[in-house]
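**Q** Here is how the chains run, residue by residue.
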Amino acid sequence: MSDVLIVTEHRRGELRDVSFEMISAGRELADETGGKLHAAVISGDVDTFADQVNRDGVDAIHTISDGEEFNHDIYTQALEQLANELDTSYVLIPHSVNGLDYAPAVAEALSLPLVTDAVAHSFDGTLEVTREQYGGKVETTIEVEADRAALTIRPAEWPQADGMGEADISTFDAAIDESAIRSTVTGFEEAAGGDVDISEADVLVSIGRGIEEEENLPLIEALVEATDATLSSSRPVVDNGWLPANRQVGQSGKVVTPDVYIAIGISGAVQHVAGMKGADTIIAINTDANAPIYDLADYGIEDDLFDVVPALIEEFGGSVPDM
Amino acid sequence: MKVLVTVAEVAEVEDKFEVSDDEIAEQYLTYDLNEWDDYAVEEAVQLSEEEEDVEVITATIGPERSEETIRMTLAKGADRAVRVWDEAIESADYLDINSKADLLAAVVEEENPDLVLSGVQSGDKANGATGVSLAQKIGFEWGAVVNKLELDVDGGVATVHRELEGGVEEVTDIETPAVLTIQSGINEPRYASLRGIRQAQRKPLDVQTLEDISLDADVVESPLAQTSMYKPESESDTTMWTGSPEDEAAQLADLLRNKGVVDA
Ligand SMILES: Cc1cc2nc3c(=O)[nH]c(=O)nc-3n(C[C@H](O)[C@H](O)[C@H](O)COP(=O)(O)OP(=O)(O)OC[C@H]3O[C@@H](n4cnc5c(N)ncnc54)[C@H](O)[C@@H]3O)c2cc1C
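Protein chains in written order, with my numbering: chain A, 1 to 323; chain B, 1 to 264.
Only chain A is shown next, with the shape it has when bound in the complex (with noise of 0.2 angstroms):
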């Protein structure tokens, strides 16, 4: 019997949605493998945020009562124990900015091999993951040959458990080693507001690291005057200072839902499809065929977006740049 053991996530007093699905992977897991699955709730206000993680599938779940906010030391020390403790066989975390600082410390603290950003994974004796490599342009099967494990899970790919659960609450009493507490949470900043808002926007026209050079750039701002749109991007275009970071959707950017949403030059990596999954309809630009946004596309053109862009700006009456 192998059980498994979750770790939900929380933000300034808030359980994040990556927590619900952490229930649904580690469900299906402990499924096949015939074993428990156990959550930990670490920091924060646990009594609370454990109500709230018992769910369906759940069967028994740790609070840790130590520090308020995530802190990887606090939460590295606590999950050693735990998993030690209830003799786990498989350690899921979130593939989230936090789980990353802490996930690969959890891993070498119990000697588990580790494998990360999995999107998904299946147990018949041995545990199969798959993950992607080369920005999603390939999958890979990674076979397991341990019995334990730890694993970090891609948000957004399993669905939330719902339903109301009956699971054992308890309070484990980790013993934390304050000296071994060498880094501290001092603040939160919100990034970036400004002039515009492109989660407001019915059009987005967006670019990414195909656009090569900010020289290239008043070529999509023409298309954006004509089609009386507004101008998002990727992250690379906001990293090299081309465009203001409120431009950016994805992960660390924004999370928009447009109506028509047309990624330029853009390649489709999780972290940017994170912020634009949700919009209605989606054109894509981009001369790979193999790019994953077309995974997404409800419409393409494999073509080179300085033939493609010029005859859009033409077609809705806009004036070519000179470049």
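Take these hints with a grain of salt, some might be off.
[As the list claims (entries may be wrong)] The list that follows gives simulated cross-link-like pairs (lysine to any residue, SDA-like), each with its CA atoms no further than 25 angstroms apart:
id, chain 1, residue 1, chain 2, residue 2
1, B, 16, A, 288
2, A, 277, B, 233
3, B, 148, A, 296
4, B, 259, A, 240
5, B, 231, A, 122
6, A, 36, B, 223
7, B, 137, A, 80
8, B, 148, A, 187
9, B, 148, A, 241
10, B, 259, A, 259
11, A, 277, B, 253
12, B, 16, A, 254
13, B, 148, A, 189
14, B, 137, A, 287
15, B, 137, A, 185
16, A, 277, B, 137
17, A, 277, B, 169
18, B, 231, A, 271
19, B, 259, A, 139
20, A, 277, B, 230
21, A, 254, B, 168
22, B, 259, A, 278
23, B, 148, A, 80
24, A, 277, B, 242
25, B, 231, A, 296
26, B, 16, A, 139
27, B, 2, A, 184
28, B, 231, A, 159
29, B, 231, A, 287
30, B, 2, A, 182
31, B, 148, A, 246
32, A, 254, B, 147
33, B, 148, A, 289
34, A, 277, B, 260
35, B, 148, A, 180
36, A, 254, B, 169
37, B, 231, A, 156
38, A, 254, B, 261
The hints are simulated quantities; they were obtained by calculation from the structure and are not laboratory data.
Quick caveat, the model's predicted, so the values are computed rather than measured.
We have chain A already, so just place chain B with the ligand on it with the hints.
**A** Chain B with the ligand in isolation, oriented as in the chain A frame:
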């Protein structure tokens, strides 16, 4: 002060490629400096420009081919480089996170840096785990997904912003020595100057075998095996507009007009 930057060379896949025997043939791959490591190198070089006596060392696990990439980081301002490689690593079936962190930990042991900078993830494998795994192995404190760094060298504290989801940043004080994984956008990576490229040719690039860093060959053994690789099946049916760019543009325009989202 010594700053060690882990630098990976990553593979990018050409637009048209095939997967055969569960791998992508060399002919479809091109190699480059990992995007996130480029930002980590820049951050280290900027530190060396701001503070007195900072030595920047890059550490790479990679075959001879990666020396071109390593020289590029030297041309951008790193002082010297270590490249770990030998036959045992070359013939490893699956170099997992744990093995990579073990190899890098051995380099850290030799070099004794005050600060280690890694990229958040590599562009090809995207594990996003090596830096934090390394920190736990060597007993350093750490911070992942850092998009702002202020170092108080005398106080032994790195004040960082960790870029969380949804435009929120966490401000954290981290005791040094520490491993920080660097997020893209933290700075503007420089291009190597011609002078830098010339100088890089004379900077030390040491190749270390497992034996040199006092490790046994079993360090590259893994309980993980990659048993298949394939192109994912497309989950949606995309309507492709074809023809000349003008034809394609006309079809897109029709759709927007029919939806009533543009007037033009
Ligand atoms: C923690 C974390 C958070 C992140 N958050 C975000 C986020 O919020 N938002 C985000 O976007 N990314 C985010 N990323 C980065 C993400 O992983 C990708 O690196 C990024 O989305 C890639 O942007 P891109 O598609 O513009 O570039 P690329 O992946 O380089 O794609 C460029 C595309 O343009 C196409 N192209 C090139 N030339 C042309 C041409 N002439 N005509 C037509 N097509 C062309 C190419 O075929 C390619 O598909 C995050 C990463 C991490 C690790």
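**Q** So, for every hint listed, does it hold in this structure?
**A** For each hint, the structure was consulted:
no. : hint          : verdict
1   : B:16 x A:288  : 8 angstroms, holds
2   : A:277 x B:233 : 18 angstroms, holds
3   : B:148 x A:296 : 33 angstroms, violated
4   : B:259 x A:240 : 34 angstroms, violated
5   : B:231 x A:122 : 19 angstroms, holds
6   : A:36 x B:223  : 24 angstroms, holds
7   : B:137 x A:80  : 15 angstroms, holds
8   : B:148 x A:187 : 14 angstroms, holds
9   : B:148 x A:241 : 15 angstroms, holds
10  : B:259 x A:259 : 9 angstroms, holds
11  : A:277 x B:253 : 22 angstroms, holds
12  : B:16 x A:254  : 32 angstroms, violated
13  : B:148 x A:189 : 12 angstroms, holds
14  : B:137 x A:287 : 43 angstroms, violated
15  : B:137 x A:185 : 23 angstroms, holds
16  : A:277 x B:137 : 38 angstroms, violated
17  : A:277 x B:169 : 23 angstroms, holds
18  : B:231 x A:271 : 19 angstroms, holds
19  : B:259 x A:139 : 36 angstroms, violated
20  : A:277 x B:230 : 24 angstroms, holds
21  : A:254 x B:168 : 11 angstroms, holds
22  : B:259 x A:278 : 17 angstroms, holds
23  : B:148 x A:80  : 30 angstroms, violated
24  : A:277 x B:242 : 24 angstroms, holds
25  : B:231 x A:296 : 15 angstroms, holds
26  : B:16 x A:139  : 16 angstroms, holds
27  : B:2 x A:184   : 24 angstroms, holds
28  : B:231 x A:159 : 24 angstroms, holds
29  : B:231 x A:287 : 18 angstroms, holds
30  : B:2 x A:182   : 20 angstroms, holds
31  : B:148 x A:246 : 18 angstroms, holds
32  : A:254 x B:147 : 17 angstroms, holds
33  : B:148 x A:289 : 36 angstroms, violated
34  : A:277 x B:260 : 21 angstroms, holds
35  : B:148 x A:180 : 24 angstroms, holds
36  : A:254 x B:169 : 14 angstroms, holds
37  : B:231 x A:156 : 21 angstroms, holds
38  : A:254 x B:261 : 22 angstroms, holds
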